[in-house]
Each structure stands twice: as C-alpha cells, then as structure tokens.
Amino acid sequence: MPVTRVQDRGIEPDINQVITPMLDLAFQVLLFFIMTYHPSQLEEGQMDLLLPDSAQTQAAKQEDANPQLSMPGDLELPAEVTVVVKTQQGTGDQGTISEITVQERQGAKSLGKRADSLSKYLESARKGLSNQNDIKIQADSKLKYRYVMEVMDMCSRAGFKNVSFGPPPDLATEGP
Amino acid sequence: MHVASAEVKAEPNLVPLLDLVFQLIMFFMICVNFVSAQLNEEIKLPVAQSARAMDKAEIEVLVLNMDGKGKVYVVGQEKPLDTVGRKKFFLRQYFADAKRTAEAQGDRKGRVKTTVIIRADKDAGYADVFELMALCKDAGFRKMQLRANTVKGA
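Protein chains in written order, with this note's numbering: chain R, 1 to 176; chain U, 1 to 154.
What the hints contain is simulated information worked out from the structure, not anything from laboratory work.
Note that the Cβ used here is the ideal one computed from N, Cα and C, for glycine as well.
There could be a bad hint or two in this list.
To be verified - Straight-line Cα separation of at most 30 Å, DSSO-like style, residue types lysine-lysine; simulated pairs:
no. : chain 1 : residue 1 : chain 2 : residue 2
1   : U       : LYS143    : R       : LYS127
2   : R       : LYS142    : U       : LYS99
3   : U       : LYS99     : U       : LYS79
4   : U       : LYS109    : R       : LYS86
5   : R       : LYS127    : R       : LYS113
6   : U       : LYS122    : R       : LYS113
7   : R       : LYS161    : U       : LYS79
As the list claims (entries may be wrong) - A short list of chain U residues far from chain R (calculated; beta carbon distances all over 10 Å):
no. : residue
8   : ASP19
9   : GLN49
10  : LYS79
11  : GLY85
12  : GLN93
13  : TYR94
14  : PHE95
15  : ASP97
16  : ARG100
17  : ALA102
18  : ALA104
19  : LYS109
20  : ARG111
21  : TYR126
22  : ALA148
23  : ASN149
Extracted from the complex, chain R is given alone in its bound form (with noise of 0.2 Å):
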C-alpha cells in the first residue's frame, strides 16, 4: 500500500497558535523569581541539635524517665569532653576568644587562643572515648556567636555528631 502524504494533494493544514498571551504570562512568571531570587540562601547550611529531655538523659531507664524532672536551660547530652572558651573580661577587645581548654576526665588541656588546633587534638582525643558522639561546648556569656559556631564547626570536623551547649560559666557564677 502507497504511503500517501497530505501535502502531496495540496491540501497544507493551518495551524496557528496564538503563543503571544503565554509569552506575556511566562515572563511574568520570570519577573517573578527573579523579584524573589535571594543567592545568599544558596549558602546557607545547617547544623542540627538535638535536645534531650534531662530527665531521659539522668535516667537509668527510658521508663524511669519523669518530664517533671526536667531542669531548666539544661541543654546537655552525656558528653565525656568539654570544650571551654573563654573571652576577655571587661573593656576592650571583647567578644573574641582568649583562651580554649579541654575538659575530659583524665584533666584539662589549654589549647591557647587558636581554633585551628582544636580540630586535630580532638580528633585524636576522640580516639579513646567511650562516647564518641557526644561533646559539650561552654562558653562565656560575653563571646559572639562566630566564635562559638567555629568551635562547634572544629568538633563537627574532628567527628562529633551530636554537639551540646552548656550554660555561660561566667553566668553561673555571677547569676543567682
């Protein structure tokens, strides 16, 4: 059987689309997410905490747990080291770190002013934990936020998963 085509008998068929009204509509929409487009989202990441109840925590047994027992500001996890960061005190150049220390069971390590070094001795320090997971950060109350979130980028380096906060121990001591 012959293949036969349309246009071989001249008949063309015409279509037409009208594509104005979408093209109007479609740069409308790229208007859109070029209003709302904001990069520096693109850049933002996350670091996630997990808070445990205190009273689950102290207690021997996941039954035993009690919610009254709750203690409030403890944000702790069951960490075997704790990374101490202390600022200056008084005027001047506050808010940077002046001295970080390593508290484990065995005593403490000061480690000076640098971050840099946190991350390789926690790393081999890590190597003799039982709890290898867990990891207290306590700062004073005076140090910015970038510090204490580099503090808490060299553990996450030097392998800890879940990073605790303590409470300020210049506050604990002044405080009520």
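Assemble chain U onto chain R, guided by the hints.
Same frame as chain R, now just chain U:
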C-alpha cells in the same frame, strides 16, 4: 484512503486554559515565597564549613531570627521579642498551638514535629543564643537547627 477535499481548520482556543494554568502556577509560587519570607536577610550568619545543605523536607518549621543585640524577629510578630518574658510567652504559646494542631490531626499524644531554626547574627552574644535555645527546650521543642553560611563572605 480518502481525504476530504475541503480545508480542515482545527484551531482549539488554548488561551483561557493557559491563563488558568499560569494563575495556578502563580498561586503555588506565592505559597513558596511565604516560607522563605521567614528568613531575615539583614541577619549576617556566621561561617561553618561543616554545615550541611538545607533539608527541604522539613515542613513544620519555626524560624527565629536573632540580631546582634539579641532581639528575636519572627514572622507574624509586629515587634521583635526583646525580653525573656516575651520570648518565653511566644514560644510556649506556639508550642501549645502546635500540640493542639497535632492532636486535631489524630495524634493522641500531641507530638509536636516543629523544628526550631535559629538564625543568629554572627555578632550576637553566646548568652543570648544559649538563652534562646534554653527557652525553646523549656517550651517543649526537641528538634533544633542552627543556621550558618558555608562560604566565607556570603
């Protein structure tokens, strides 16, 4: 095979359909914009290279934007939450509402799945950030995220 000699003109009018489809697209895009509107662009986030890409699967979120002075900005609140009392009141009320919603949706225990996202300015003090985290925990929230930039100078 017989082809009609008369000219066949098939021209369905797609314009109203396209109008309707694009209006629907517009509606959904505006809905998406409501979520991103919770992010305060004036907050300068600290840098953390280990911060992972944002999880878009989180549906129930409460974004708390904290500026360098410790004031917390939340969408829907005209004034910033600047005192401990106001922060505590807002968080407790929000948690109670979320619990009621969970119960209404069939969860007998009223488990709140809301994730609190703290976007604190890099110049905020540790005491303010810690206080906010403690208040969130006291209110009953269990899932929390800190936000940071993964690139310096962003």
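Check your understanding: Beyond 10 Å from chain R, beta-carbon-wise, is U/ASP97?
Key -> U/ASP97 clear of chain R: closest Cβ-Cβ about 19 Å, beyond 10 Å.
Review point. Given the hint that R/LYS127 pairs with R/LYS113, does the C-alpha gap stay at or below 30 Å?
Key: holds, 24 Å
**Study point:** Pair hint outcome, U/LYS143 versus R/LYS127 [Cα-Cα no greater than 30 Å]
**Key:** Status holds; Cα separation ~28 Å.
Point to revise | Consistency of the no-contact label for U/GLN93, given chain R and a CB cut of 10 Å | key: holds, 17 Å
Point to revise | Beyond 10 Å from every chain R Cβ - status for U/ARG100 | key: holds, 18 Å
Exercise for review: Find the nearest Cβ of chain R to the Cβ of U/PHE95 and say whether that gap is larger than 10 Å.
Suggested key: holds, 13 Å
Exercise for review: Below or equal to 30 Å on CA atoms is what counts here, so check U/LYS122 against R/LYS113.
Suggested key: Judged against 30 Å, a Cα distance of about 19 Å means the pair holds.
Review point. Does U/ALA104 sit more than 10 Å from chain R, CB to CB?
Key: Label holds. Min Cβ-Cβ 22 Å, cutoff 10 Å.
Check your understanding: Beyond 10 Å from chain R, beta-carbon-wise, is U/ALA102?
Key -> Answer for U/ALA102: holds, closest chain R Cβ roughly 17 Å.
Point to revise | Proposed proximity, U/LYS99 with R/LYS142 (alpha carbon, max 30 Å) | key: Outside the cut-off at roughly 35 Å; violated.
Practice item. Quick one: work out the minimum CB distance from U/ASP19 to chain R and report holds if it exceeds 10 Å, violated otherwise. Key: violated, 7 Å
**Study point:** Whether U/GLY85 stays farther than 10 Å from all C-beta atoms of chain R, as the label says
**Key:** Holds, since 14 Å exceeds 10 Å.
Of the numbered hints stated above, those contradicted by the structure are hints 2, 4, 7, 8, 9, 21, 22, 23, listed in ascending order.
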